[in-house]
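Trainee: Letter by letter, the chains look like this.
Protein chains: 2
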Amino acid sequence: MKPVKIGICGLGTVGSGTVNVLQRNAGIIAARAQAPLELVHVGARRDNPACELGATRVSRDIFEVARDPEVEILVELIGGTTVARELVETAIRAGKHVVTANKALIAEFGNEIFALAEEHSVEVRYEAAIAGGIPIVKALREGLAGNRIEWLAGIINGTGNFILTEMRDQGREFADVLAQAQALGYAEADPAFDVEGIDAAHKLVILAAVAFGMPLQFEAVYTEGITQLTPQDVAHARELGYIIKHLGIAKQNGDGVELRVHPTLIPDHLLLADVDGVKNAILVEGNAVGPTLYYGAGAGADATASAIVADLIDLARDCGAGQTGRVPPLGVASSSLRNLPIVPMAQVQTPWYLRMEVEDRPGVLSKVASIFSEQGISIEALIQKAPAQGQTRVSLIVLTNKAAQGSVEQAVGAIEALDSINGKVVRIRVEPLDG
Amino acid sequence: MKPVKIGICGLGTVGSGTVNVLQRNAGIIAARAQAPLELVHVGARRDNPACELGATRVSRDIFEVARDPEVEILVELIGGTTVARELVETAIRAGKHVVTANKALIAEFGNEIFALAEEHSVEVRYEAAIAGGIPIVKALREGLAGNRIEWLAGIINGTGNFILTEMRDQGREFADVLAQAQALGYAEADPAFDVEGIDAAHKLVILAAVAFGMPLQFEAVYTEGITQLTPQDVAHARELGYIIKHLGIAKQNGDGVELRVHPTLIPDHLLLADVDGVKNAILVEGNAVGPTLYYGAGAGADATASAIVADLIDLARDCGAGQTGRVPPLGVASSSLRNLPIVPMAQVQTPWYLRMEVEDRPGVLSKVASIFSEQGISIEALIQKAPAQGQTRVSLIVLTNKAAQGSVEQAVGAIEALDSINGKVVRIRVEPLDG
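The listed protein sequences correspond, in order, to chains P and A.
Reminder that position 349 of the first sequence reads as 804 in our numbering, one-by-one numbering, no gaps.
Reminder that position 264 of the second sequence reads as 719 in our numbering, one-by-one numbering, no gaps.
The hints are simulated quantities; they were obtained by calculation from the structure and are not laboratory data.
Beta carbons: idealized from backbone N, C-alpha and C, even for Gly.
Some hints could be false.
Chain P side only, calculated, beta carbon under 10 Å to chain A, not exhaustive [stated by the list, open to error]:
1. 768
2. 835
3. 838
Heads up, incomplete: computed chain P residues facing chain A, CB under 8 Å, no partners named [unchecked claim]:
4. 484
5. 490
6. 602
7. 637
8. 641
9. 748
10. 750
11. 754
12. 764
13. 765
14. 781
15. 820
16. 821
17. 824
18. 868
19. 869
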């Protein structure tokens, strides 16, 4: 069999993991690809002692890989969106297929990159950009292709999920667990990317584009982090039968699409609620298949390499069959992509978890209740905690039925203006995820 | 776009579900397949009021569909292995691709059918044969293609899982829940196929063939049902931190493969342990990706139709790209399939759950312990229940470390021969499923 010739740019954790998986599983990979995958050129500023490159050509200038006539598929693992974009576009212009694990690059510049690839009749694959080794792009684009995808909800940032799991199980504060996550190497020194939901937003916008057949619209994602969550709210949620997860949610809503990343109360009986620690999972609702869930490691050298190699085998299978372009990057031809409008957050309706600290005296509850009633918000459940010894304030926790953000904001404003309320009202969205 | 012309044989629940999904999602399907899927011919002994066939040609003789020159892909949904096999082989000989949901047909005659398809350069797809709408064949054959699959463990019979869930949550007897499952329509009047593990064995052998790149060997699967399970054992297992599930397990073990369906204690912290009711899930361990899990509806008209239509879209994408044979039925070329030996059950090592009813008098425990010790079996945990009022017998529950079935049988034989033991020793395998 004629080998398929691979170039890899970037030899960090994921790059060396990919080299290692290609070597370790070479026999199985060649059998499945029906051709050996031969690593012919690596571009990296420095060697990585974690992998053995043997006789493979190594260039310090990564663009030499993109211009190498021998390379058929370029694997971009340098990260970032400036040099990476230039590298990928150079490779495409040189007629090479591209495999990338770069979620920021695809989320922010995917439309341009896919258009260029189409123009040059090459393919761009990015399974590794979302949820590590979980084959979720393949599931959406092929495995569930017979469905109208109604919505998907994913735990797609392992760091955030680790923090929420620890807060729940140990009753610890956010900042405390974050420090531990940093010490364990799960979180970066600047954790904003993870805990503010930007990383999840990158992944969500890609998932939504594949699920709904629409162009990538990164700037349209509503993003809310987990930094304000308290162990108190995590515990109250649990008492009400809910687990708080930092979810990326994409939903077809009438003729528009909701795209949002925020802390979310989900029912504790859902499998998604049991996904703990650094693991990722995506729950997908199709109009034929109903709910399906995909779970696994969302990061790590080998898990990410698994997705990269799957993309390489897919491309090798295409090349072997003498054709490419079998499945467009977003599952449908670019001419069939739908420019679905994004639903403004003020119009997004969900149930809400609200917590307020109120003075423990007669009449407060009825005032609060009448404010909800004025806004047309009905109450699903309410817990009033007995005051702690010597305290005059109690926590009042309200679970509402579905309500638009606009009405909830009005109600919260009115409640916060009451004399008997102390401080701000905590607001967290609830998602039943029941179809 | 030139339509891809489909024939469907069998218009029962799944057949009519498939017709309905093809109609309901026609626009999305055509966009993803880059061609309309046109249902041109249906073969069925009688009409099904659940679907509207419009102008589609209907034949009472299903073989007319297989011989119809207009049909490009034949969907076999008649079930059974005699007429279905003849139908599928007729279609293949007539140069048609085949999509089937028939697990028995693939498990028992897949090798012959795939060989015939290869000879005639057509494809046979069977995603719907395993775990309904969960795209597990695609995950194993493509999404995880870069991995050596170490093992997989699946809840792949919804009826059995419904029964076990009820036994656990309600403390009910097997026979009692089975009767309810029959009343609900989850179980057939003759439930042996589900509760004795034959259905799961059909699916397991297909999963193993795809995961390990080996021919189908249905006769090699060890199968043990759930009919002997008691609510007592389900409760004891739970006390020890385990949930009992009826699993299909395929594992690479040295140069051989374990293929077995049996009740299994699995740790209650695993996501697989939380899969309840009629749902299915498959946990797959790859040597790069680690554990991944796939969850969803394992049966039902629409869920199964989802998998059938995904296969149709896959084939349409192949046809559109002007080539087929891109991915062989078992993921590798027939010449690359490995004839892996099946490991005899006597050599399969797992931990064990053992329960015995013993006389509550001094010396019994030491006798039992010394029998284990003689067989080189070490004890991981032991519970002795206090005797019920007025009773002289107590339940002794032993959790062993890994031990071969041979040694356990020896030990159990010696224990059952003791005067102080009443009746048989209950034996259930334990699987930590931890890598």
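Trainee: Would you settle whether the hint for residue 641 of chain P is holds or violated, based on the nearest Cβ-Cβ distance to chain A being less than 8 Å?
Mentor: violated, 16 Å
Trainee: Would the stated hint for residue 869 of chain P survive a check requiring a Cβ distance to chain A of less than 8 Å?
Mentor: violated, 41 Å
Trainee: Should the interface hint for residue 768 of chain P be scored as holding, given a Cβ-Cβ cut-off of 10 Å against chain A?
Mentor: holds, 4 Å
Trainee: Do the numbers back the hint for residue 835 of chain P, that is, is its least Cβ distance to chain A under 10 Å?
Mentor: Nearest chain A Cβ about 24 Å off; hint violated.
Trainee: Checking hints one by one. Is residue 764 of chain P an interface residue toward chain A, by the C-beta closer than 8 Å rule?
Mentor: holds, 3 Å
Trainee: Going by Cβ atoms only, is residue 765 of chain P closer than 8 Å to chain A?
Mentor: With a closest approach of 5 Å, the residue 765 of chain P hint holds.
Trainee: Please verify that hint: residue 821 of chain P, Cβ, nearest Cβ of chain A, below 8 Å or not.
Mentor: violated, 40 Å
Trainee: With chain A as the partner, please determine if residue 868 of chain P meets the hint condition of a C-beta pair closer than 8 Å.
Mentor: violated, 40 Å
Trainee: Any CB of chain A closer than 8 Å to the CB of residue 754 of chain P?
Mentor: violated, 11 Å
Trainee: Given a cut of 8 Å on the nearest C-beta pair, is the interface hint for residue 637 of chain P held or broken against chain A?
Mentor: With Cβ-Cβ at 23 Å, over 8 Å, it is violated.
Trainee: Double-check residue 820 of chain P for me: the hint is only fine if its C-beta lies closer than 8 Å to a C-beta in chain A.
Mentor: violated, 36 Å
Trainee: Tell me if the interface restraint on residue 838 of chain P is satisfied: Cβ within less than 10 Å of some Cβ in chain A.
Mentor: For residue 838 of chain P, the interface hint is violated, since the closest Cβ of chain A sits about 26 Å away, which is over 10 Å.
Of the numbered hints listed earlier, those contradicted by the structure are 2, 3, 5, 7, 8, 11, 15, 16, 17, 18 and 19.
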